[in-house]
Amino acid sequence: SQVLNRPTQQPSSIDYQQPRQYRIGEVKVSGYKFLDPIALTSLTGLKEGDMITVPGEDISRAIQKLWDQGILGDVDVTAHTEGDVIYLTFNLTERPRLSNFRFSGINKSQGEALRDKVPLQKGRIVTDAVLNSTRNVVREYYVDKSFLNVKVNITQRPDSILPNSVVLNIHVDKGDKVKVGDISFVGNEAFKDKKLQRQLKNTKEKRFYKIFTSSKFNRTKFEEDKEALITFYNSQGYRDATIVSDSVYRISDDRLGIQITVDEGQQYFYRNITWAGNYLYDDNYLARVLGISKGDVYDQVELEKRLTYNPTGVDVSALYQNDGYLFSSITPVEVRVDGDSIDVEMRVVEGPQATINKIIVSGNDKTSDHVILREIRTLPGQKYSRDDLIRTRNELAALGYFDPETIGLNPIPNPADGTVDIAYSVTERPNDQISLSGGWGGPIGAVGTVGLSLNNFSTRKMLDLSEWKPIPSGDGQRLSLNVQANGKYYQSYSFSFTEPWLGGRKPNSLSVSLFKTIYRSGGYTDYYRRLYGVEDENTSNSRLNVNGASVSLGRRLSWPDNYFYMNHSLSYTQYNLNDYPLAVNFRNGTSNSISVVNTLGRSSIDNPTFPRRGSQFTLSLNMTPPYSLFSEREDDDYTFIEFNKWMFDASYFINVAGNLVFNTRAHFGFIGNYGDGAIGPFERFRMGGSGLGGGNIFVGTEYIGLRGYDDETVVNNLNDQSLLSSGGIAYNKFVFEARQLISPNPAATIYGLAFVEAGNNFGSYKNYSPFKLYRSTGVGVRIFMAAFGLLGFDYAWRLDDLPGRADDKRGMFHFIIGQQIR
Amino acid sequence: CSNFQQLLKSNDVSKKYQAALEYYEQEEYYRASQLLDQVTDLMVGTEEAEKAQFYRAKSHYMQGNYILSNAYFRTFYTTYPRSPFAEEAMFLQAQSLYEQSPSYQEDQTPTLTAIEAYEEFLVRYPNSERVERVNIALEELYTKLDRKDFNQARLYYKLRYWRSAAVALNNFLQEHASSPYAEEAAFLRLDAQFRYAQESVPDKQEERYDVVLDYFQAFVDTYPESRYKRDAERIFEGVQEALGTIRKTANNQNS
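Protein sequence lines, in the order shown, are assigned to chains A and B.
Using this note's numbering, read the first sequence as starting at 1 and increasing by one per residue.
Using this note's numbering, read the second sequence as starting at 1001 and increasing by one per residue.
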């Protein structure tokens, strides 16, 4: 179809300067062998009769679509035109497609891990690029594990079943592990090699005694470490310090050497610090808050910290940032350098105060908006305050519904109208706990436990079936059910429900709990018989039922500060005895206990799972009405039990370095009576062991752990058998723990600890002496898993002998289940 | 049953595909999807690939696996925009997102994605017979977003943080003036601002009562027949009285 009268124009040529529209006359494919031409044509997205622009995006988009399928080796297009009609031919080259791949030379689990990482996809073609990146992925995986000499070899062979398909075999030869053998420095005069080596946090020499230190070599981490080294020099006043060169060389097949040459430069000191641009606060006040004076070592890192944000102390910007001055900034400028002295001018820009406009919450795909919003301290209409933001993060973390490490705080300023929106983002984490356990419960034999605690329950959604996924949740209510039994001899049922914001208007919580426990002493072992002084063998009908209920109201206080809270509860417990030797002269009948518990507490910890800073204390008083003050009572009249119980717990967390936290605790408890009657047998302290009460929790008894000693054995005078059986009436305990966070992963937070503790439990006030303590020390580990709560394992070594038990083993293991308060 | 297990283990792509079609016709979507999951990627470039991909997406959709069906429908209509199934695929993709839209009290990212998908559908197929269904769904999703914002603003009112409630409800009215919740929001804004002014220090009261008057004016203009009319008028009277007292004291002090 040549146009003869215009010979200058090439037939069917396309003018690339002038895009024009054509109608497609035909779309063809060529070069196919195994694939279907009609399917391929339809994949181009082009059809006879379509209008397309040439040159234009239509054809390149069609080629892209064919490419995207990942089944072709090459695609190009030829076209010829007849007037307005264009004929397109897609020329394809097929390549073999991947039907399967396998690894050899490595174990199965590493193969599985790599399978997810490599960019291989079944059904797609195998190109050199894919093979190369596969090789790199495998290589990097092993280099990261210190196998610097790893060799990866990929072979292809045709698949015998599927036509035009290949199977890949990826062979890995790991070679030797290569570790860092030697790190040396050149040019350092101010600091010794050892000191500098310590600054390289992730690059360490291999030494036989460094069991917990990794001596892998990782390029990126090494680069970070070099920066850390310079930061260290800067922090010591060496403002000009640089790394001149570094070399990494082979010492042997499995050892690397590292040599770093530094130029330390000179050490600098502050001379004059002046302020400019400050109208709200005067120079002296700002200088005092800054806390840096003439002659101090010039440390840029510390200066930055004290100016902008200091998580462990005061900083200058807090003055502005907590009072709405969101746009304020302070820039230190070196105005003069004179020998080793530097003059710094602090240029302050105060800017206007910002008012909070909107609060945006995202990421809550389970928890309802109002549960989050009601905890948020930054309120629309208030002045912006950075402290409120940080406090909000702690409050959200304390709910336990979100991963505390990923709570996002993002102020979005709108400078035009002087307002700021604050966006909070959260990541939900599972926090319902199911416990199923069976164990040897000490004196009463095997005990099975089934427990369920739902920490973000919603009664409101219970009637809506579509909200059962798998249980109605998101309204922040807590529901727990617990059943514990060992067949006939011991059964315990408990139920509790908490609404944290009763009425939805104020953070007043309401809890209701019910429990029932049955003991039958037919199952007593000799140990228990001795414990309770049971002489006769015929105890099979003996039974104790304990039923109870309690209602409590909690509220947050705003005075003395808003970390305080108060809790009031009313509880009723009924003891039903049938030939059960609970006390001397008391084996049959019913005993009632009505008591009021008032608790005053303060909690300012920053994270409920692994607190780094903050403190907690509670003071509680549990008292029954003082019947004996109104009427004559016999000491062994147990119809209405009478007692008062005072408990005090304090705990303090301090972050000493990185993920190392010190925790100091003190606990006291006293039980008293009104008037001068004897204290009844119902309320007692039992001390020793893990504090779990051997799985057999007797109502009215406080179990207090003391690691290194057997469960419930610590009483100041063990020779008096009646004391051991009834427990103590006053105790105190002091604990010091050093905790190191090992894994912050919210699915399984793990930390290790070392502790020293001391405590004692006294049977009467006559021999109460708070400094006569039984001491122990040891180490342990805790793992917090969202679905199981806190589990732990301690090895403790007792340092003192209990009277009459000097031959007991000194070292012992303890299992810890759940957060221990005392 | 054992027949199905054998099919699952077999290497014969076309036999699996045929069986999957049969299961699909018999509405056994679980089995159909299991088989199609195995073969669809291996069938790319063949004549049946188009149908396989669509049926795979739809059999997941029918089972309620909306996350998967969303992804598969999307790949389908971008790959085969001319397919006779393309319109249905695009609609069902939006529908898959709609099904994932959570209750108004949770994060609404999925709702926004669903709205986007429906709107894309309307642009692409303005004459589709599904347009009416899409519009109903869109209305529902927009109302859900309104309800969420209203609920958040009203929370401050419930918590008796009057100033925050006034700010938040004011924001709500500016953004959702025509929402079904606007009337209630307008009244609550008036009430919150009134209570905020009442609680303010004397210095600030006058200017804050003036804002109440503005809100009252806006309220009666927009909703002359409101069911909150009586309460609004009571607030208005309260403001008049309070302003009267304030101005009288001011005059006394001046003279």
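Hints listed in this document are in silico derivations from the structure and should not be mistaken for laboratory results.
Some hints could be false.
[To be verified] So the derived label-pair ranges between C-beta atoms look like this:
(1) B:A1250 to A:D343: 51 to 59 Å
(2) A:A398 to B:N1011: 52 to 60 Å
(3) A:E395 to B:Q1100: 46 to 54 Å
(4) B:K1015 to A:A398: 54 to 62 Å
(5) B:K1015 to A:G408: 20 to 28 Å
[Claimed, not checked] Selected chain B positions facing chain A (Cβ under 7 Å, derived; list incomplete):
(6) N1011
(7) Y1161
(8) A1168
(9) S1179
(10) P1180
(11) E1183
(12) S1226
(13) K1229
The beta carbon of each residue, even a glycine, is placed where N, CA and C say it ideally should be.
Notebook entry, point to check: Broken hints, numbered, in rising order?
Noted result: 3, 5, 9, 10, 11, 12, 13
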